[in-house]
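Which chain is which? The protein sequence lines are A and H, in order.
So the first sequence is residues 1 to 154, counted in the numbering used here.
So the second sequence is residues 1 to 1548, counted in the numbering used here.
Be aware that one or more of the hints could be misleading.
[To be verified] Subject to a maximum C-alpha distance of 30 Å in a straight line, what follows is the list of computed BS3-like cross-link-like pairs (lysine-lysine):
#1 A:104 x H:1465
#2 H:1517 x A:94
#3 H:1465 x A:105
FYI, nobody ran anything at the bench for these hints, they're computed from the structure.
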Amino acid sequence: MANEEVSMSERGDGASDGFEPEITVFTCIYCAYMAVDTAGALRIKYPANIKLVKLPCTGKTDVRYLLEAFEQGADGVCVVGCPIGNCHHVDGNKRGLARVTYTKKLLDEIGVGGDRLEMYFVSGGMGMTFASAVREMTERVGELGPSPLRRLGD
Amino acid sequence: MKQDVRNDSIVGAVMVVGGGIAGIQTSLDLAEAGYKVYLVENKSAIGGHMAQLDKTFPTNDCAMCIVSPKLVDCGRHRNIELLVDSDVMGVRGEAGDFTVRVRTRPRYIDLDKCTGCGDCADVCPVVIPGLFDEGLAVRRAAYKLYPQAVPNAYAIEKLGIAPCRDACPAGQRAQGYIALIREGRYDDALRVIKEDNPFPGICGRICNHRCEDACNRGKLDDPVNIRALKRFVTDKVYAQPRVPPEPVERKYEERVAIIGAGPCGLSAAQDLCMLGYETTVFEALPVAGGMLRVGVPEYRLPSSIVDREVQDIVGKGVELRLNTTVDNLDDVFDEGFDAVLIAVGAHEGIRLPIPGADLGGVLINTTFLRDVRLGDPPELGERVTVIGAGDVAMDVARTAVRLGADVHVYYRRTREEATADVEEMHHAEEEGVVFHWQVTPVEVVGNGDGRMRGLTCVRTEQGLPDETGRRRPVPIPDSEHFVPCDNVIFSVGQRAGLAFIPESAGVGVTRRQTIAINPNTLAATRPGVFAAGDATTGTAFVIEAVASGHRAAESIHRYLRGEELEPAPKPELPVVELTQAEIEQRVELGEVQVQPRVPMEAVPAAERISSFEEVMAGYTDEQAQAEAARCLACGICSECLSCVYTCQADAIEHNVVERIQDIDAGAVVLAPGYEAYQAEQAAEYGWGRYPNVVTALQLERLLSASGPTHGHVQRPSDGQVPKKIAFLQCVGSRDQTHDYCSAVCCMYATKEAIMAIEHEPNTEVHVFMMDMRAFSKGYYEYYRRAQERYGIQYTRCRISYVREDPRTRNLILRYVSDPFSHSSGEVVEEEFDLVVLSVGMEISEEVRELGRRLGVELDEHGFCRTLAFEPLQTSRQGIFAVGPFREPKDIPESVVEASGAAAAAGGILSPARWTCTEEAVYPPERDIAEEEPRIGVFVCHCGSNIGGFLDVPAVATYASRLPGVVHAEHNLYTCSQDSIQHITERTRELGLNRVVVASCTPLTHEPLFQDSVRQAGLNPGMFQMANIRNQCSWVHSDNWEAATGKAKDLVHMAVAKALRLEPLHKTEVPVQKAVLVIGGGVAGMTAALNLADQGFPIHLVERAQRLGGNLRNVRALVDVRSGAEASVTSESQGVLASAERDFTVSRFESDKPETGLVWRDPQEFLLHLVERVTAHPGITVHLQSEFLESSGFAGSFTSRLRGPDGESEIRHGATIVATGGVEYRGPEYGYGTDSRILTQQEFESWLAEEDDVPDSVVMILCVGPAERFCSRICCTTAIKNTLALKRLNPQAQITVIYRDIRTYGFKERLYNEARRQGVLFVQYDFDRKPEVRVSDTDVSDLSSGEPESHLEVTVWEPSLRQELVLKPDLLVLSMPVVPPEGAGELATRLKVPVDLDGFFLEAHVKLRPVDFSSDGVFMAGMAHYPKFLDETIVQAQAAAARAMTIVGKDVLEVGGIVAQVDAEKCVACLTCVRVCPYDVPQVRAEFNGIGGIVGAAYIEPAQCHGCGICVSECPAKAIQLLHYRDAQVEAEVEALLERVDLEPIGEI
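Pulled out of the complex, with its shape left as it was, chain A reads as follows (with noise of 0.2 Å):
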């Protein structure tokens, strides 16, 4: 298993062309907070440039933040909540989701790409369902390439 893991986990750190995506995920405290500790717990490794902001719950979301973490230099953001039905406040996700799909569209429009933008939904058990989540993304961001508004900060 740890093998499998760790030669994923080269896969999606891009290491091919040099190329290191940094990925931002904002998580909500419950399920998808406690996915990313039952991750740990269980060692399932992942690329080391997720890293995650908590928000009480994925209907905090704010369109400002994940635009805030491209221009900050993300080249991907992730959102990551409850699993639909699930949310402990009801239907946060779901308004979470909504945002994100109208975020993806911005992307689009001003050619970010709104690719560099995904939500998940994992319960708190899913430790390994995180994993994959976002091994993808890194897979999918490295193969998109550097943000376009990381290279014009550069």
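With the hints as your guide, set chain H onto chain A.
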């Protein structure tokens, strides 16, 4: 058992016995619910076995990480009093009003003073095997049980007095200085000796060493050469330049005179001088030292040693007057002395009263020796005769040899009766002395001119014993003969010279010419006069003189202080006598090797007779340390007092004694836990003989980051990393002496195997087991992962013995390979690097003794018996048992029981809630509004959990350079009690106004740290955490640089947010006392009743038309009554039996008593329960009702229900979900196509109701979804039904086709019984499932119902290795329990999570097993997972106890992280009102919005859930969520992505 308790006498306190996780959880629940808790733990810290564990299954959480916050909570809780080092001795009284007698053993370190710094352990020289590390590492006698121990204090382990010390008249701490010598700490060793004896150099040479005679080591080989070690120390230290002692300051006015500067007088003088008296010693001779200086020859005791040690005494301030004879005692008093000690010794030799004894040439021993020592030796002739064979005679003879004489010793008794030291006689003979035994002189023959020329002697023979017990020498008639010689030296005894004491002095003298004294006080007959040493006892040894001098000094001190002269009796510690068996065991365990004493060199006889040079050479360093290492450290603590001199906190107190106290408590909860099976009892596995056979607990310690190998698994024999590991299951379980399953070993072995592979990825692990008992939530998945992801091999084979290859120390196992694999069924021999014994659970003798003392009924294995329908109630009302003490079980079940016991105790004590408790006190909150941010950052190593995978010091250094940070540091365990306190202290000292901890997850640890900043006067909102363990070290363990970099980023983010933190204020809201219970089965009803009995209104909601739930389908319960413990009287044994008589199943009543089966009828129980619930005035039952939705928060919920009469709304403080489970009914194996194919539940009803009893039955286990998860109860239910059928039809043929039989705990007994009764068990594999056919027709085509059709089950039998075809009357399928219809929908309405199988998901599998992650909502029963009735009842009680922690309070603090409206920006657009999931915002007219328009939104802080949805939706940005303000979140995002390159400024 009916609880009749009088309300007026109820004590609102509970005694919890056992500080493991169960005891801790009970204590926390009780304390939170309003009871005072006394938590009694017999070790020096709480934590139990869980603290020893590395990880916990199935989440692989670090055991310490998850238990640590609970330990700390327990240690800090104001209403929990920890009584560590304590045992319960007995309980008086009755439920509600017990008096518990508790004995607290001395810890020798004051808990209130100890800071946990560890200095005492650093200097402690005693090394013993560390039991916390299962003997794999050593620890000191001064120790802390483990790094995170609570209380965070050291303890000293002292068994008693070592026999060496006990045997020594002066009480020398030989074990202490020996241990210090072994460590090479010679100055300390000499200090220890001098504590009790000012003459170590002297005693190191001439002491008669009674210590060595008493030494336990003598039982093994030779006693430790204690005297030589003592001498060695003085040789070492005296070879260094002498450091003169500091003179002692005078404290008292009184003056003391001491007559005689021998060892007794000088010892007393030193003591009195040290006490602060002016002390003067009078000595008649020109030298001090008494007999030591003038009686013992130079070759045995160099004068330089005596002079040195006398000088050390004089240097302290003792006045020594040499050449000063005291002629008259009165003169001394006249000079102004207030007390006099006569210690003149026995310097007068005795001349035998025979004719010619005064002739010239006749000498006396003492005079002769003194003259030689003072440089004036007498002229000796050629031939010298010495009369006597004591030690002095040897000195005389050997001195005469050195003066050139031919020396003959004559003694009237035999050699064996000679009192001289054997070694001395041997040396004398080596030097040419000739001994003549059984010869005595009768006359000294003169030559006529007054000089002797010889002796007339007679031979003697042994007569009758005299008063000394020795046989009297009787002269043989006619044996007279002449012995020519030039000198005779009498050496037949000495006595005191008492001429200076005239009769008028008032000092009495005995007939034996000794001074008459009171032996207790040493006071002579004249007040102020004391006497000690040889002058009072006759001749004795130097160490006795020293001891006597000490006692005299104490007595004189008491006399001068006007105290009672008789000393107060001192508490006596036991003498540690090791038995032969104990010593042999230590040899077997390899702790001790047989090794004779290290010999000491002597100068050859030929050389030494020509001089007075010292004979014995003394030890070298190497020899001394080797000899010291032979000490067995009998007392453990040696009282070397190194710790006393080192401890800065003055916390060490060696003289404390045990304390017994009586404590009032209304109930007692017994949680004493288990002990692991003693692996050495299973000799066939070689534990203790083969170093590479370890127990599972030892492996836990090897795996643990804080263990002896820092988490590197190493073979004990050579430290190599094992490449192949075998686990042997069921060691001490499921065998001839254990008729039970220990329930945890399968899973812990799997966990340890996984962890071993995680540590060393290429490790091969092979587990040998009987069945895989993965029966709980997530366990089966874990087991599957172990096989699939980690390649762990499991073979069903019980290994019968282990062999060792003595060359490689590898271990060889023989087994039959798995019949379901390719290499099916061959005998294989395989070699392993390490063998792990999965030891089972037993109840220790101490715990059995506890049970006996408390009068609770135990079974033959020591497990506590409890009632079937009140599973925690022991045979004594008000005393409850939880955890493995009841039955082997793992952590979550122990935690559930712990909470359950809190509810059970609460059921008795509720009238006295909050009567014995205290309120929390925090210092007033500091106003920091005007302060600049001052941030403190604490970075945690988490042992090596973080520090092992990223650069913690670098993270701290980085943090220290961040804006606003004024302090950064790193700690080994930031959550340990000392670190928590440390944070509080640093916050105070440095004036920090924000604190950041970078450690683990805030989900478990944030409240802990918030409390510590609160203790420093900071608002808890000023705290921030960075989770660098779960998010960095654990998941990026393969990349040090990246993990370190990310940790820095996360800390940077936390600091950036900390800069912008603001205080969060909470509001108190009243608690709704009602509790909503969803589900009217046993779980719901039990929880409802418990809470209602405690006075809380209950709404019990049941979907169905009547209460009862799943239990309605259970027709009989059975267990096997084990034997009773020997001590259980028939009278007390009856208590449980009579309490349960009501529930006997009539249908099975006639079961033969020899089967031990006890059948019970749950329907009777259910009937009682339903009646009680229905009749209870506090319970509102809502039948045919459904829960619709809930709003509000813990302490104040509003829920809507829909019943037959429409919708209703209730308000409640907590919710308990107990919606149960149902038996799965699927099409597998033809179910539903033939009436002869039944489920277990259907079969159970059949057995209960039908008269048509089948003759042959086949059961198939693990059907349908049970292939995916273990439904826990099916194996036992199936076996129960086989036993029921056998009862009704003993001839019935029953075949159980199973995957693994998971009869955990005592359910194993049912499995044994079923096999005993001939039930056939056939194993199958999911890859090779049994096949079911009906007759020759297709299963699906049975509508025609051929009368001759029969069932046919084909299964491959692995041991026969062939297909079996069975044609049973009935086929019974064990269908698993699955969540009932609508459970997922309910979860959504409750906003709580479910797991993959649809069962409700608890907040934490191990430690919060009945809590949901949402506050105020709890679960019980099969809604959580399939479980048995007793487990359901306990879990329901647990849920009640957890609910109590909320509804038991009058107010709850709410608020904190809530949304606030800035009315001046509000346009009253109602967006917030619309989006809030809790309908909290309101637009109120009393507020003015933007531009002063009337009406603005208002959010009630007590109701706000802090989700922030309104904030994000508000188009005017008029709402901010506290703690998550936009500015705060954006600062985090910015900091996270900001590339900060701060040059390190060096390590901090």
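So, going through the hints one by one against the coordinates:
Distance check on the hinted pair: residue 104 of chain A and residue 1465 of chain H sit about 29 Å apart at the alpha-carbon level, within 30 Å; holds. Between residue 1517 of chain H and residue 94 of chain A the CA atoms are separated by roughly 20 Å; this keeps the pair inside 30 Å, and the hint holds. A C-alpha spacing of about 29 Å is found between residue 1465 of chain H and residue 105 of chain A, which places the hinted pair at or below 30 Å, so the restraint holds.
The structure shown violates none of the earlier numbered hints.
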